[in-house]
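Peer 1: Listed here are the chains, written in short residue letters.
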Amino acid sequence: MNIRYEETQGRSLGFYALISGLGILILAALGAVYYMEHHGHYVTGMSNRIVWGIPHVFALFLIVAASGALNVASIASVFHKKMYKPLSRLSGLVALALLAGGLMVLVLDLGRPDRLIIAMTEYNFKSIFAWNIILYNGFFVIVAVYLWMMFERRMNKFSSKAGLVAFSWRLILTTGTGSIFGFLVARQAYDAVIMAPMFIIMSFAFGLAFFILILMASYKWTERPLGDAVVDRLGNLLGVFVAAVMYFVVVKHLGSLYLAENAGVENFILFDGGVYTQLFWYGQIILGSLIPMALIYHPALKSNRSTLGLASLLVLIGGVIQLYIIIIGGQAYPLEMFPGKEILEGYGGIATYTPSLPETILGVGGIAVALIAITFLVKILPFLPESLANEVADPHHKG
Amino acid sequence: MSKTLNRRDFIKTSSATTVGVATIASGITLTTFAANTSDNPVTSEKRWGMLIDTNKLTEANIDGMVSACQQENGWGSEVHSTGDQKPTWVKKLKVQDKATGKITSLPLMCQHCEEPPCVDVCPTNASMKREDGIVLVDKHLCIGCRYCMMACPYDARSFVHEELTDQREHMPRGKGTVESCTLCVHKVDNNETPACVASVNSDAVIFGDLYDANSNINQTLKKVQSAQIRADLDLNTGVRYSGI
Amino acid sequence: MYRLVVILMVLLVGNVFAERHADYSNLGEEASNIKASGKIFHTDGLDVIRKMHPEFLNHKRDKTHREGVRTKENSLKGCVNCHATKDKQTNQYHSINDQDQFCSTCHQKVSVSVDCFSCHRTTPRKGTK
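Residue numbers (our numbering), protein chains in the order written: chain A, 112 to 510; chain B, 76 to 319; chain C, 65 to 193.
If you are wondering where the hints come from, they were derived from the structure by calculation, not from laboratory data. One should not assume that every hint holds.
As the list claims (entries may be wrong) - Using 30 angstroms as the maximum straight-line C-alpha spacing, the simulated DSSO-like pairs for lysine-lysine come out as follows:
#1 B/Lys262 - C/Lys99
#2 C/Lys103 - C/Lys150
#3 A/Lys237 - B/Lys173
#4 B/Lys173 - B/Lys204
#5 B/Lys297 - B/Lys169
#6 B/Lys204 - C/Lys124
#7 C/Lys124 - B/Lys262
Given the sequences, and given the hints that come with them, work out the whole structure.
Peer 2: Below, the structure is given as structure tokens:
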């Protein structure tokens, strides 16, 4: 059976409202960047103790989500699940757009963003960062080729092979992103190999949550049919992924608690870290994991689009909070420099960090860039099937 | 004949000596180094290092080291940066042993590791180690990603948070790049000792070539018990401490 | 379109060579003295130093920074010390990258930014050494 893809019209008032809303956010972000780069980082909340602030939280959140958003396409091409096939094009697009947004934030928060060319020409192959630069650039190329093979009829026969390459690449990419932290031997909060697989499973959840929201919004706003078959399936999958993230979080923290060396930082995050502890329990666990799972699996809410949308949004908010705890919380806790000794003066204590307005605007701007790219591209190219009604998406669906 | 003097050798030699042989005859800090014309590239035949004896060092000494470094390299007069945003190339730490309650003061700066984590993580090769063991930031290549600051176990690096003017001629520093103790590389290349070492001017802080069997630092390290901070990471630091 | 590109290129190239034989009013104090005395500092010829100074400086910077070679040749300190001008009233040096100072006259004209002085000192030496 053939799926017909069609560009969105993009002439409605809503379309222009969306574009201008996102445009304002992007302009604000660029203004914030100019302000921060002109003055230097002293206008931010960052310091020599908290060297990576809220822009890194958003950047890594978007990069992690980007690789996860490609999963929907991978399920179709690698695992041959027919129902996901019509969603593949959008999946690739969301992946590229989120990555572009994340990288923009990452680059614009550098001390010298004007020297980006150096990052592209000088490589230290021992550095995970340098590897990531290659992985990110490669991801763009591979997903672009993959999309082309899906769009171009003559190339369709190669698309599942390209899908396999893209899937492998994204696994390596997220491993690389997780390893940015996992290989920091000096920091008790990070030095754990489990960071890499945990980042992969986080990417599954965040990417899918983004995908569900974008899919539901675009079908609602373009008034195209979207059947429960697709939505329910994606919703269930999201629930599984959220549960898997929780499993990894539990294993990571239990494993760390077991090491006396890491007990300090674990106690800090889990029990007496003030804002970080509250963010962990109320934000990441309750708001970002338990409530979404309840919303997805509660029988009374089955096939309820509003609650699934809310669940996806909460997963995303929980994801930002989770990365905030990992990145900022992990830095706030002091380095263990003298085991068996207490530092009385000169260093130590919990570093304070308050995100400033400009850096927060920059982070949000990254999301806006991703969304505006998607909004434009679905208008220019036929990414979206004109119908995802039950009988189109899954002929065997029993409503 | 290996010229390398690694951590294990140190431990072997220091455990062979009795504890408490802290006094050493020589009070010379300004050793004469083999002629370095600074026309020739530095080589790995040398490895610069520092030995800090915290028992001999008074708090005033450490404060003097910090201000000598500021004076020499021009940091510390930033106007906009506040609190932890201010650069700190060297700082005075006070640590207390949890069991005995003994309080020790020490200066902490870049430890000039043989296996520096900051060099491993730097994406652009800006964070680098010279052949003679001095760890530096090549600010021409630094893009200000701050990954090295995440990787450093000693909190030794600072990010310049604001625009600077009127830098020292020999020590370029600028907004948006990372910096740290250079072991006064500009002085070392001219056969001088680092500013902090010169400010103490006693055998409490010894600077020299770790590999040179005739150097004061090499001979002293063979005699006294010394330690590296975070020795468990096996980074083989160039800065050693005795008395902690 | 093609014609437009050609015109643009000609204009650009013309700009680069426009200053070739121009007389610098702000050559810098020491450099002016050397010139007045009839001596030649850049013995390879002015064309060479004008065209190649970025390469010279980059090469020198890597030698100095990475290998500890601290010779006077092609040292940026030397450029600044020789080519800086003093303000007549205040008797203070202008920054060498200020508008219409030595570096800027050409660099402004060809719209090439100078990255040296985001870190390097812009006036002749001061301080401890």
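Peer 1: Of the hints stated earlier, which fail here?
Peer 2: When the structure is compared with the hints, numbers 1, 3, 4 turn out to be violated.
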